[in-house]
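Asker: Listed below, chain by chain, are the residues.
Number of protein chains: 2
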Amino acid sequence: MNATIELLQSHRSIRKFTEQKIPLELLHELIRAGQCAATSNHVQAYSVIHVTNPENRQAIAELAGGQAYIADCSDFLVFCADMKRSTNAAERAGAEVVRGTTEQLVVASVDTALMAQNVAVAAESEGLGLCYIGGIRNNPAEVSSLLRLPEDVYPVFGMCLGYPDQNPEVKPRLPVESILMEDYYRDDQEEEQVSGFDSTMNEYYRERSGGNKDTNWSEQLKPLFTTKLRPHMQGFLQGKGFGLK
Amino acid sequence: MNATIELLQSHRSIRKFTEQKIPLELLHELIRAGQCAATSNHVQAYSVIHVTNPENRQAIAELAGGQAYIADCSDFLVFCADMKRSTNAAERAGAEVVRGTTEQLVVASVDTALMAQNVAVAAESEGLGLCYIGGIRNNPAEVSSLLRLPEDVYPVFGMCLGYPDQNPEVKPRLPVESILMEDYYRDDQEEEQVSGFDSTMNEYYRERSGGNKDTNWSEQLKPLFTTKLRPHMQGFLQGKGFGLK
Numbered sequence: 001m002n003a004t005i006e007l008l009q010s011h012r013s014i015r016k017f018t019e020q021k022i023p024l025e026l027l028h029e030l031i032r033a034g035q036c037a038a039t040s041n042h043v044q045a046y047s048v049i050h051v052t053n054p055e056n057r058q059a060i061a062e063l064a065g066g067q068a069y070i071a072d073c074s075d076f077l078v079f080c081a082d083m084k085r086s087t088n089a090a091e092r093a094g095a096e097v098v099r100g101t102t103e104q105l106v107v108a109s110v111d112t113a114l115m116a117q118n119v120a121v122a123a124e125s126e127g128l129g130l131c132y133i134g135g136i137r138n139n140p141a142e143v144s145s146l147l148r149l150p151e152d153v154y155p156v157f158g159m160c161l162g163y164p165d166q167n168p169e170v171k172p173r174l175p176v177e178s179i180l181m182e183d184y185y186r187d188d189q190e191e192e193q194v195s196g197f198d199s200t201m202n203e204y205y206r207e208r209s210g211g212n213k214d215t216n217w218s219e220q221l222k223p224l225f226t227t228k229l230r231p232h233m234q235g236f237l238q239g240k241g242f243g244l245k
Numbered sequence: 001m002n003a004t005i006e007l008l009q010s011h012r013s014i015r016k017f018t019e020q021k022i023p024l025e026l027l028h029e030l031i032r033a034g035q036c037a038a039t040s041n042h043v044q045a046y047s048v049i050h051v052t053n054p055e056n057r058q059a060i061a062e063l064a065g066g067q068a069y070i071a072d073c074s075d076f077l078v079f080c081a082d083m084k085r086s087t088n089a090a091e092r093a094g095a096e097v098v099r100g101t102t103e104q105l106v107v108a109s110v111d112t113a114l115m116a117q118n119v120a121v122a123a124e125s126e127g128l129g130l131c132y133i134g135g136i137r138n139n140p141a142e143v144s145s146l147l148r149l150p151e152d153v154y155p156v157f158g159m160c161l162g163y164p165d166q167n168p169e170v171k172p173r174l175p176v177e178s179i180l181m182e183d184y185y186r187d188d189q190e191e192e193q194v195s196g197f198d199s200t201m202n203e204y205y206r207e208r209s210g211g212n213k214d215t216n217w218s219e220q221l222k223p224l225f226t227t228k229l230r231p232h233m234q235g236f237l238q239g240k241g242f243g244l245k
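Protein chains in written order, with full-length UniProt numbering: chain G, 1 to 245; chain B, 1 to 245.
Source of the hints: derived by calculation from the structure; they are not laboratory data. The model shown is predicted, which means the values in this text are computed figures rather than measured ones. Even glycine gets a Cβ: it sits at the ideal position worked out from N, Cα and C. Errors might be hidden in some of the hints.
Here are the in silico distance ranges between beta carbons for each label pair [unchecked claim]:
#1 G/Gln20 to B/His232: 26 to 36 Å
#2 B/Glu62 to G/Gln166: 49 to 59 Å
#3 G/Glu25 to B/Pro231: 37 to 47 Å
Bound-form chain G, shown alone (with noise of 0.2 Å):
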């Protein structure tokens, strides 16, 4: 296994991080590098923005659920997906341009992660810790308003980056065999596989937690789908142009 792969393989998210900051040299070649991921037909349909004010660092915490290290990592970011830049191009070059597509919104979706994806790598190869963070979806429209996020675009994650000042183990994931499939979608096994994944979890349960917690996968994923997680996003995301038709 080469030094990149074991770095990819050794991913854990960050919430605890020391006092010292990111040199704003090294924050921009992170993402620099995060540009170079693979990007549908060259749209490059993301913006970042990098939330430096504390009050709205302080209200992005709240909103995305009382998540402090969102106010306390070095920085924070927000990756948006953005078809506002690429439409407005085409248009100025005289295109008549449709928007607010699904498949705009899978593509801007995805660009904004790959990119992502590539920016965390980057940070991690440099020593650096991070957490995604989701739950600015809990509340997009507030979040968008702090951000002043024009139509077109969408807060997708966040990111928190900062020098680790926590060590946490290494999370276990489904088996491969569960995921990767030959030729055809296989789900004979899944009722087991699954099974045998809750035993694993349980395990890094018990581990972590000095027998205290007896939880396990299929437990965990359960309040997740119970409610309705995020009902708002159809909506939100159709008032931002995204997924009309």
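Keeping the supplied structure of chain G fixed, place chain B upon it in accordance with the hints.
Answerer: Chain B in isolation, oriented as in the chain G frame:
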């Protein structure tokens, strides 16, 4: 700049591959590296179909708009957003599961992209080349049917992997100041920045074509938005149980 960042910044799509095959053990290692990417609430909302059947490779090459390297590369993967496994697991654990939300479409698409980008980085760290295939969304229903994808699973993109038999230049990206914004979304210089990038791309196309290809970024974007690219996506996704509400 460290070696990992250098690797990230040297990415370019590879569409011509040698005959050399990727060992299956290495392919599994790449997938495991992919799985170590961050995942929303540990959902791991993806499956990967390893298409080995030559007839299906050929069929997908055609369905994706005539991309022969889908049939020719060492390994072709289809990355699928998968809400089936996790919602089934929650249901078996006793949850009254809500499916079909737009939030789940975002979660699963993002999870899949983060995972795939780690696979891409891992592959390039081993000297492999790759290109993403968004073209499978040209005919997603036919691709889904070939791969027997059930409800709550949709094919986001493909990936061709193999040993490079070409050495293209790195394609320029927007300058970092166009996409990284401090505190607020700023588009007051958008037109100027795009115009500068149009010049960069014009030079890139002219150099690569010996002066014959006189175009730029904005011009290249025009056909993407003029017609409604992949207008079937909303209906297709809803048919698969994504983005219904």
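Asker: Does the structure break any of the earlier hints, and which numbers would those be?
Answerer: 1
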